[in-house]
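Protein chains in written order, with this note's numbering: chain B, 935 to 1232; chain D, 474 to 717.
Hints in this document: simulated from the structure, not taken from any laboratory. Among the hints, erroneous ones may be present.
[Unchecked claim] Partial list, computed: chain B residues near chain D (C-beta under 10 Å):
| hint | residue |
| --- | --- |
| 1 | 952 |
| 2 | 956 |
| 3 | 957 |
| 4 | 988 |
| 5 | 998 |
| 6 | 1004 |
| 7 | 1146 |
| 8 | 1197 |
| 9 | 1199 |
| 10 | 1202 |
Backbone N, C-alpha and C define an ideal beta-carbon position, used for all residues, glycine too.
The primary structure of each chain is shown beneath.
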Amino acid sequence: MRVGRVLLGNPVVAASGCFGFGAEYGEVYDISRLGAICTKGLTLRPRAGNPPPRLWETRCGLLNSIGLDNPGVEAFLREELPRLKRTGAVVIANVWGASPEEYEQVVQALASSPVDAIELNLSCPNVPGNGIPGRDAAATAEVVGRARAVARGKPLWAKLPPEAPAGLVAVAQAAQEAGADAVCAANSFPALAVDIRTGRPVFANVVAGLSGPAIKPLALRIVYELSREVDIPVVGIGGITTWEDAVEFIMAGAHAIQIGTANFLDPYAGPRIVDGLRAFMEARGLGSWEEIRGCAHR
Amino acid sequence: MPCLSTVPVAANEEVGPGAFLLRAEGDFPAAPGQFYLLRAWDRDPPLSRPMSVFDRKCGQISFLIFVRGQGTRRLAGLRPGDPLTLFGPLGTPVRPRGGRMALVGGGSGIAPLYLAAKEFRTAGEVDAFLGFRDRPFLVPLFQEVASRVHVASEVGAGGVKGVVTEIFRPHGYDACYACGPDGMLERVWQACRSAGVPLWVFLEERMACGVGACRGCAVRTVGGFRLVCRDGPAFPAEEVIWDG
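Isolated chain D (complex conformation) (with noise of 0.2 Å):
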């Protein structure tokens, strides 16, 4: 049942390049693969901002925003005490298939992937692979969570250098879920279905509503036209309709 709330901010960080962990006080309930619409503006930008829940804990939650239009900007620029209005939790929480798990993210894809290792953990073994374009950051974090952390750069500051794809292999892997961009995604699924092993993905589209009553984040699956709001954001890999 999502509700909305409007609640000052606690912290916000740049914790890498153009990367913000933004937090915010409060009992907000949130599952792997949940979302909220974040918005801190009157009329403008008119959409509010669907952002992955990067963390959750006792009296807070966190999300890490990556800055790629005026919606994302004003997020990132907020102070703490700033007031923050959350809309969630929405969308379809994602389970653990339990036993060995991979968890594969690319850029601002990393975003949902803390919260599942933290919650998935214990139902098996969890692995990360991080890609980043730059300098790694909230390694630590995810070192603290998961089993094996593998990290990549794409101008080699830090880990292997190269994309997260080049890291990653599925074999051995009882399920893997993915997040980042569209063409990551469909290598990281040309690389599971070969080697037989699940695979979900978080995918992104834009959206208004949040609660699958406009219909705007439509994207293609074998079953038709499905909400990332609603059905997603999680997906299984074999279902969706790949463009590239």
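For reference, chain B alone in the conformation it holds in the complex (with noise of 0.2 Å):
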């Protein structure tokens, strides 16, 4: 199967920053079962990330703050990926930059490297500033084209938020238009939790991503919605836990499904959804996706 341009050998792909570089959940299974795995967000520096405590849980979910913890694209390349391209996944690098330049830069370190696809992340909730060029069209439409100039023809996605002041369909027809090859619909909500022992917030950065099973019908709505207003594919991402919620997302329109925080309930959520999906389309009777892809619009 495909995603515009990037084959796949099933729709489930691993969800940036759940996922590592693929050599953690790397000793529990073979991760070339899975379609796909997205890095842990790269910076062109390395970066820190965001001071203790970076998580906590909800009910039905978990709040993050990570603050894109990573060793910098270089040592990526040196180090990860020909690690990674030894399992026989498809890579997709998830890019950061702090400013539309950084991401250029980044793109352009992974250009002519073997990743499979590049995924441009619009949408961390988890830095401070101006972390969020996918609440805004142009702001969108700037990252993308200026990646796109520079990405020697790899395939880009772009992760979108779950929400932007202006509506989130004109920034996915913002990505499509400055050639963005498939959107990625949504990254984690931004939420909050307060320490009832401290009366302050939780987390250094106050406001913190929110992921897992509680956010699944929020980010299916989006799937459903984009998929009916831009032409490129829509990657399904949101509290995806079981065969079934991946049934969903590609019922509502999405060509593919990320898994993150499912991950943390169960390391064997990659192929276990793998496996469900596949004796899905064997019941079912189903000879490829298409079959059944945004059957929920008709």
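Can you join these two chains into the complex? Each is in its own frame, and there are hints to help.
As structure tokens, this is what we get:
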């Protein structure tokens, strides 16, 4: 199957930030069984990330404030990518920049590497300042356009936030017009936890990203709306925990799905969803996902 | 190489106030310092609970669970035959330095020290210093594997009345290993540092993946953030940046 120009063995992709650089779960199972792996978000220089605590549980959900803790794109290319490619996995490098220029520089560094695609993280909720270009159509167009110009034909996926003041459809359309091959929706929801012992926000950065089963219906609605309004593929993300969740996203219009927090509920969530989807296809006699993709719109 | 398996609970006994010794059948590998992610529920709470291995022997593994929140309450409520899911072993084992070694545990910090005492005694002599809030428990078990066991109770329900840092003296030891609340660890470190005795501390942080993939369980060290799940849980105390 395909997401635009990226060929995947199945529609189940490991979401960025929840799967490290693959090697961590590679000790648990053969990660090439997944459709693809999105790496931890990469920045131009190494980033230490946010101070602890970085995690907080809520009912059926998880707040995180990791803050793009990563070794930088050069260390990734030197140390992590060769190891990840050897597993046979399809590799999608997730990229974040503090400015449009930094996005461009990181994409440039990856353009001639063997990564299979680049996912522009336009939506990290956990960095102070202007870290979320995906909230604005013009800012999205600028980042995607600059990345497109230096990506040497690498497929570009734009990972969007769950909300944008002037509407997410306009942002997705801007990403498409600027040359994105797919949009991924959505990143974690900006959320808050207060520690009732101290009366202060739990996280140093105050706002953190909410993920997990709690957000699934919200993300599903976003995928449903976007897939109706853009021509490029939509990759669904948000609380997908079972193969049934994944089928809902495909029926709502997703070309592929990403799993993040589900890995923490069950380290084998990825292969279990792959197997569940395959069994569903066989049981329904489906030759391809195209037969049911977006059927919820009809 | 961590494995995931679901096995029936063999026993779950309240061994002290709010402390449960949870046993499961199966040949689960574990070295001192290693832990398993435990769960016995579906989606809520989302995260599994990281638990040090209390003991392992042929065909059985046990965890000492202290009730703190909804996850540990669920684990404490398990009955024989209930399914328990274990993912591990995780973490980097801590090695015995040899010679005279002291293990210092406060409260739930005694949980990883029994396996350490049992394994370390083949490399040298092991003493244990155990601090309890209330009535001391599991002391006879520690007495079987440690040369000397010193006990403190905050309310004076057994041993010396006070906290474990009041009965622990690092002098004469070649290495110390401590687990407990941050304030206790910092005081143990101050004592070890002034006595020139190397110390390993077992750290705790909220944890999601357990394998180093999510970077959620970061702690501050002189070398930058390191991960409790992969780089620890035991760290050389001189590398830790103490908040207090």
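For each hint, the structure was consulted:
1. 952: Holds: closest Cβ of chain D sits about 6 Å from residue 952 of chain B, inside 10 Å.
2. 956: Check passed: Cβ of residue 956 of chain B comes within 9 Å of chain D, closer than 10 Å.
3. 957: This interface hint holds because 9 Å falls under the 10 Å limit.
4. 988: Hint on residue 988 of chain B: holds, closest Cβ of chain D at ~5 Å, below 10 Å.
5. 998: 6 Å, holds
6. 1004: Residue 1004 of chain B check passes; min Cβ-Cβ to chain D is 8 Å, inside 10 Å.
7. 1146: 5 Å, holds
8. 1197: 6 Å, holds
9. 1199: 6 Å, holds
10. 1202: 6 Å, holds
Consistency note: the structure conflicts with none of the earlier hints.
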